[in-house]
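Going down the list, the sequences are from chains W and Z.
Just so we're aligned, residue 1 is where the first sequence starts under this note's numbering, counting upward by one.
Just so we're aligned, residue 1 is where the second sequence starts under this note's numbering, counting upward by one.
Hints listed in this document are in silico derivations from the structure and should not be mistaken for laboratory results.
Treat the hints loosely; a few may be bogus.
Unchecked claim - Under 8 Å between C-beta atoms, here's a sample of chain Z residues computed to sit facing chain W: (1) Met90; (2) Glu94; (3) Gln112.
What the hints assert, rightly or not - A few chain Z residues facing chain W, derived, Cβ under 8 Å: (4) His2; (5) Glu17; (6) Pro86; (7) Glu107.
What the hints assert, rightly or not - Calculated lysine-lysine pairs in the DSS-like style (CA-CA distance at most 25 Å, straight line): (8) Lys24/Z - Lys20/W; (9) Lys60/Z - Lys8/W; (10) Lys214/W - Lys159/W; (11) Lys191/W - Lys201/W; (12) Lys60/Z - Lys191/W; (13) Lys55/W - Lys191/W; (14) Lys215/W - Lys20/Z; (15) Lys52/Z - Lys219/W.
C-beta: ideal position from N, C-alpha, C; glycine also.
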Amino acid sequence: MQKVNVRKKILSANEEYAFKNTRFLTEHKILCYNMISSPGSGKTTILTRTINELKNQIKIGVIEGDIQTDIDAERIRATKAPVVQINTDGACHLSAAQVDSALGKLPADELDLIFIENVGNLVCPSALELGEAGKIVVLSVAEGDDKPAKYPAIFARSKVMLINKIDLLAAGAQDDFDIERAKADARKLNKGIEIFPVSSKTGEGFSSWYDWLKKSVGKSSV
Amino acid sequence: MHEMIVAENLLTAISDEAAKRNLKPIGAKISCGLLYAINDEALCFAFEAISKDTPCENLKLQIEHKSLQGLCMNCNQSFDVELSHPRCPMCNSEDFKLMPDAPLILEEIEFQTE
Numbered sequence: 001m002q003k004v005n006v007r008k009k010i011l012s013a014n015e016e017y018a019f020k021n022t023r024f025l026t027e028h029k030i031l032c033y034n035m036i037s038s039p040g041s042g043k044t045t046i047l048t049r050t051i052n053e054l055k056n057q058i059k060i061g062v063i064e065g066d067i068q069t070d071i072d073a074e075r076i077r078a079t080k081a082p083v084v085q086i087n088t089d090g091a092c093h094l095s096a097a098q099v100d101s102a103l104g105k106l107p108a109d110e111l112d113l114i115f116i117e118n119v120g121n122l123v124c125p126s127a128l129e130l131g132e133a134g135k136i137v138v139l140s141v142a143e144g145d146d147k148p149a150k151y152p153a154i155f156a157r158s159k160v161m162l163i164n165k166i167d168l169l170a171a172g173a174q175d176d177f178d179i180e181r182a183k184a185d186a187r188k189l190n191k192g193i194e195i196f197p198v199s200s201k202t203g204e205g206f207s208s209w210y211d212w213l214k215k216s217v218g219k220s221s222v
Numbered sequence: 001m002h003e004m005i006v007a008e009n010l011l012t013a014i015s016d017e018a019a020k021r022n023l024k025p026i027g028a029k030i031s032c033g034l035l036y037a038i039n040d041e042a043l044c045f046a047f048e049a050i051s052k053d054t055p056c057e058n059l060k061l062q063i064e065h066k067s068l069q070g071l072c073m074n075c076n077q078s079f080d081v082e083l084s085h086p087r088c089p090m091c092n093s094e095d096f097k098l099m100p101d102a103p104l105i106l107e108e109i110e111f112q113t114e
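Construct the complete structure from the given sequences, taking the supplied hints into account.
The following block contains the structure:
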């Protein structure tokens, strides 16, 4: 029997594509965020509202990741924003190689910002870097305030947390969701996380999210 | 199950090393950070499934989980962060800096020799 020390990064192939994506995005001066959440938290609705309301200020493109269908890409397409759909055919996350090929299909020279809407899943997508500038985690109040404590990795790794569907709180339909608990649990492992409570249905809270977005793409004065 | 993509990359890495040496791999040690949330059973199951009929079939995987380090801003001690209860075990402070999670590493391969 012979033991050999290898000390090799297992996900190096993905990492190489992630570097390539970062380089491409930097060269084209595009900011890119990787959006991660459970299925049904409202990622696509947040994106369609954001695209529509910032249309004249930020040029946004979208990479849609889904296991099957192009339902979400169709919804983005209705906003006239450029969109590329990736079907993972069963895989629960996007890989950097898939994002690399999608980036080539977007009109990079015209864009300020690209959102990658990852496959709905709070665990797997957080393990794979795609070359993004940051991760945005979406938690809807219908999922419960215990999710940051239960799925710490994604909350620890995210730049922003959007707490969606807060209209349900106002309506009293989700009165067991303690928004302060969700915020505090997310901040336990991530002091700097920006948190925006929003309702993609009514638009409440979006102005703070837009201010942050505009600042991050360097267009706060527009 | 993100363990599948880890298993696929692991199989490629081990197979490459084995082909270089023309030896049969029979064991491998990997290490991973806590935030990768690697489930041992899921990873072994995925690896077993995809290594069938390859030189890596029946390879025994050993998985070491590296702890997540925190640096206490109050007493300046570093400590293992417990995800369910993240605070400094020395002074009980919740004000700490989270250190980067350990990467996923293929540490060592064991080969069969005559």
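Hint by hint, here is what the structure shows:
1. Met90: Not OK, violated: Met90/Z not within 8 Å of chain W, min 17 Å.
2. Glu94: Status holds, d = 7 Å.
3. Gln112: Since chain W brings a Cβ to about 7 Å from Gln112/Z, closer than 8 Å, the hint holds.
4. His2: With Cβ-Cβ at 4 Å, under 8 Å, it holds.
5. Glu17: With Cβ-Cβ at 6 Å, under 8 Å, it holds.
6. Pro86: The hint holds - Pro86/Z has a Cβ within 8 Å of chain W, the shortest such distance being about 5 Å.
7. Glu107: OK, holds: Glu107/Z within 8 Å of chain W, min 6 Å.
8. Lys24/Z - Lys20/W: Roughly 34 Å separates the two Cα atoms, so the pair is violated.
9. Lys60/Z - Lys8/W: 18 Å, holds
10. Lys214/W - Lys159/W: 15 Å, holds
11. Lys191/W - Lys201/W: 29 Å, violated
12. Lys60/Z - Lys191/W: 40 Å, violated
13. Lys55/W - Lys191/W: The hint is violated at about 32 Å.
14. Lys215/W - Lys20/Z: Measuring from Cα to Cα gives roughly 51 Å; hence the hint is violated.
15. Lys52/Z - Lys219/W: Distance of about 54 Å is beyond 25 Å: violated.
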